[in-house]
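Asker: Go by the hints and put chain B with the ligand onto chain A.
Just so you know, the sequences run in chain order A and B.
1 is the number of the first residue of the first sequence in the working numbering; add one for each residue after it.
1001 is the number of the first residue of the second sequence in the working numbering; add one for each residue after it.
Hints listed in this document are in silico derivations from the structure and should not be mistaken for laboratory results.
Note that the Cβ used here is the ideal one computed from N, Cα and C, for glycine as well.
Fair warning: there could be bad hints in the mix.
[Claimed, not checked] Stretches of chain A that chain B covers, calculated by requiring three or more beta carbons in the stretch to come under 8 Å of a beta carbon on chain B:
#: 1; region: 71–79
#: 2; region: 137–145
[Claimed, not checked] Every beta carbon over 10 Å from chain A, so not counted as near; a handful from chain B, in silico:
#: 3; residue: H1141
#: 4; residue: N1154
#: 5; residue: A1243
#: 6; residue: A1368
#: 7; residue: A1399
#: 8; residue: H1411
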Amino acid sequence: MVVGEIAEAVDLLVVGGGPAGYAAALRGAQRGRDVLVVDRDGEEGVGGVCLRAGCIPSKALIEMAGVAERAAGYSSAGLSVGERSVDLGAFQAHKARIVGELTGGVRSLLAGAGVRVLAGDLRFTRPDQAVVRTPAGRAAFVEFRDVVIATGSRPAVLPHLVPDGVHVLDSTGALDLAELPATVAVVGAGYIGVELGTALAKLGSSVTLVEMADRILPEIDVALTRPVARRLDELGVTVLTAARAGEHRGTILHVRCGDRDVEVKADVVIVAVGRRPNTDELGLDRLGVTPGDDGLLHVAPDRTLRPHVAAIGDVTPGPALAHKGYAEAPVAVDALCGDRVAFQPAAIPAVVFADPEIATVGLSAAAARAEGLDPVVTTVPMAGNGRALTLRAPRGTVQLVSETGTGLVLGLHVVGPHASELVAEGTVAIEMGATVEDLADTVHVHPTVGEQVQEAARAAAGRGLHSASPARRPHHHLNKE
Amino acid sequence: MSTIVFRLPDIGEGLAEAEIVEWLVAAGAEVRADQPVVTVETAKAQVELPAPADGVITELAHGPGDVVPVGSALFTFEATGSGAGAVEPEPAGEPALATAPAVDGRPVPVPVPVPASAAPAGAGRRRVLAAPSTRRLAVEHGIELAELTGSGPNGRIVLDDVRAAMAGGARSADGAAARSPEPVTAQAAVTPAATPAEPVAGETRVRPLRGLRRQVARAMTAAWSVPHITEFREVDATELERAHRTLRADAEEQGLRLTLLPLLVRAVTTALRRHPDFNATLDMEREEVTLHRRLDVGIAAATPDGLIVPVLRDAGRRSVPGLAREIARLGAGARERSLPLQDTTGGTFTISNFGSYGTWLGTPLINAPQVAIAGFGRVRDAVVPVDGVPAVRRVLPLAVAADHRLIDGEHLGAFVNTLERLIRTPVLLLGEED
Ligand SMILES: Cc1cc2nc3c(=O)[nH]c(=O)nc-3n(C[C@H](O)[C@H](O)[C@H](O)COP(=O)(O)OP(=O)(O)OC[C@H]3O[C@@H](n4cnc5c(N)ncnc54)[C@H](O)[C@@H]3O)c2cc1C
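Here chain A stands alone, though its shape is the one from the complex (with noise of 0.2 Å):
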């Protein structure tokens, strides 16, 4: 410790400028409180992953996928669109004005705010002090009262393929990318691999996707990855399950896939492998904190560790995932500021922006068996679906998760054009315990993609308006007259 430091009083620090921390931030100057967030990359580093090489970047991309896959597939019915031509480096600037629109939004909040942003690599050096490190080498020292982390997670990375820039990328790097590959190989059909290989694969490159368990996106139900198995299949999209890839040489990936070698062929491969929490190099154990073998901070249901220290987003166990991390913020501000409060939602959504889209919330039927309920599952198809057909996208599936004998919504899982926002209607259902009678006599847009929704209420219900399934158990009502 250097002597004759001089700290900075702080009153609530925030560390970390992600979705997470900048919440937190907003929350804290809401509740009148002297906020500071220091964040590695000070002003520009505000917005965290999700703004700047996440979420936002990652849609950017995968929009513009979509409107050229889409564009072509118009031909038929009347519409040609010139020879499709795809600069990614102008779409580097386009996206970077969408990310810079956004930040800077985010920046004028919190400087409206009052909160200061401070550059610089924060590590806890007592229970009350940090040192920060600025870019300009030097440290700054801060002593707070209240302390939120939310420093977020990083690309975990193999070994044996580490990114170069160049050849090997993580997600950061794909995203960056300022000329379509010929060839890619993504190693992980995550939800983050199956998004990139997916858009790349619409753009013109030759994806391969490399995954370690035996189908992509093992952490979701098979019924629902299967369309979009089945449409990486038409993109031309080359899908090894149970494959382990070994070292990138020259433009050949080595993969043992089983018990054979396959040679991959990749200008470019992208590790999309998983991510890891921020928490090893912040000096925790100076604040009395110790994070769990899986380096995640177990926190309390009001987001603290000890008196004064609250964690959030990614550093958090749950989904690593933006709207876990803004929900958790005012829990934890509230928290800190005395309030007795608790993060406990019944559901968290989470979507993957594959073709078609997959979100889901709640449990699965077989989720629902093992807490010990009796599940009831209805399945509408898309392709009756009048709007997903002007979309020229009816395939997937809605389906409804509800428990026999009272109706209530245990979870809804959706397969196809627009599941991302559909989902929402699932998550308002379980978390004010609405029952599929409710759903179904809930009024919806016609025509809307919704509205299957409503059908698999309906046919939960056993009134089905257009489904020719009826549920296998109607439901009877406590309460009913």
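Answerer: Just chain B with the ligand, lined up with the frame of chain A:
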């Protein structure tokens, strides 16, 4: 087969009664030995009482919210199989409990409540049904949703259910019963309409005194029956603060936050050792004074629900960092109301650290049957004469109250003198014996 009437055991010293918080099983349920049957709340903590043997619960004698005196029947139990043989008679000498089966006094830390399932029979584990706004209100007021019975469809807990629980401490299904034609849950069936609906008259609200607040109120009433004499001092704490700074820096190296309190505890235990009359309890019924050998010092802790006094067991033998760690543990447990019974009973002397919330000086009330209490205010700068010249010194206000039935002003003065000397000259604490 044998029938056992399970009576409310004396689960802690000096506790005359307990409130039924929740039945964890329904009448007719088959239980195994040691399976928790009921949660009761005493003055000190919530405790689960386990079944004494394998068998069938035949009758629940009270509903949630009922206050039951020690020794009265809680539930009836039909023991089956060999487990019943293991039921030992209560050790002799505790007449009130002669018929009660043995329940070892081992208190269970606050249980994870088994949700009083509002689901129809046959349904498995299910999350508590309540909208986010309802859940938020419940958390804010420390109400456990799993303990409520919802009056909404499917047993859904609605805002009014939580408001009723806030007002009445009512954990019963009164609201639901009033609205739905038939009782929908097992819990509703065992709940007598014990808690009246919340009477509301304009802005005036009447609510029964329940839970911890009631216990605090009773303890304070008991304290009032003690004739207090109180001595106040302002003590030069310059040296104490210096010692604290040194120790704190050292403790921080080990990641420990050290407040002034452990040093004050140390000063008090040293003074108690020299004045053993202050480490005593008084029983006026038997006209008996017990002088305690161990120094079990209670530290009054404010929680949102009321005062809890966790006990620093054997405080006289602990090091200053050891005291700091134990105080931190007890403080956190008190705030979460998760302290097991042994951490909140059996104190022999109490310290009230009202300085921690900014108070200058106050009158501490004796935690009867103890006979004395020390209260410490906030250290501040004050002008004091030093060798006849005004000087600014760090000054600690303190107040010690003693039970005048046992302790006279002269004794009290001597105790406070010792305490003052130790605080003024904290190096004396080093000369202390174990
Ligand atoms: C390609 C990709 C696509 C994604 N798509 C989605 C999606 O569609 N939807 C979704 O919900 N989520 C998505 N995510 C996940 C989402 O980005 C994260 O869950 C989210 O960013 C986590 O937010 P956070 O605030 O916890 O941390 P982060 O966003 O990781 O922010 C942490 C910040 O802390 C800073 N920091 C770290 N350590 C220190 C230190 N020692 N000192 C100072 N500063 C430090 C970092 O510079 C960073 O700015 C995606 C992620 C990736 C990679």
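Asker: Any Cβ of chain A at or closer than 10 Å to A1399/B, or is the non-interface label fine?
Answerer: holds (27 Å)
Asker: Quick one: work out the minimum CB distance from A1243/B to chain A and report holds if it exceeds 10 Å, violated otherwise.
Answerer: Correct as stated: the minimum Cβ-Cβ distance to chain A is 20 Å, above 10 Å.
Asker: Holds or violated: the region 71–79 of chain A covered by chain B, criterion of 3 or more residues with Cβ-Cβ distance under 8 Å?
Answerer: This one is violated; 0 residues, fewer than the three required, reach chain B with a Cβ under 8 Å.
Asker: Hey, is H1411/B genuinely clear of chain A, shortest beta carbon separation above 10 Å?
Answerer: Since the minimum Cβ distance to chain A is about 39 Å, H1411/B lies beyond 10 Å and the statement holds.
Asker: Hey, does N1154/B actually stay past 10 Å from chain A on C-beta?
Answerer: violated (5 Å)
Asker: Beyond 10 Å from chain A, beta-carbon-wise, is H1141/B?
Answerer: It is violated; H1141/B is separated from chain A by about 7 Å at its closest Cβ, not greater than 10 Å.
Asker: Closest CB-CB distance from A1368/B to chain A, is it above 10 Å?
Answerer: holds (31 Å)
Asker: According to a criterion of three or more residues whose C-beta lies within less than 8 Å of a C-beta of chain B, is the region 137–145 of chain A covered?
Answerer: violated (count 0)
Of the numbered hints listed earlier, those contradicted by the structure are 1, 2, 3 and 4.
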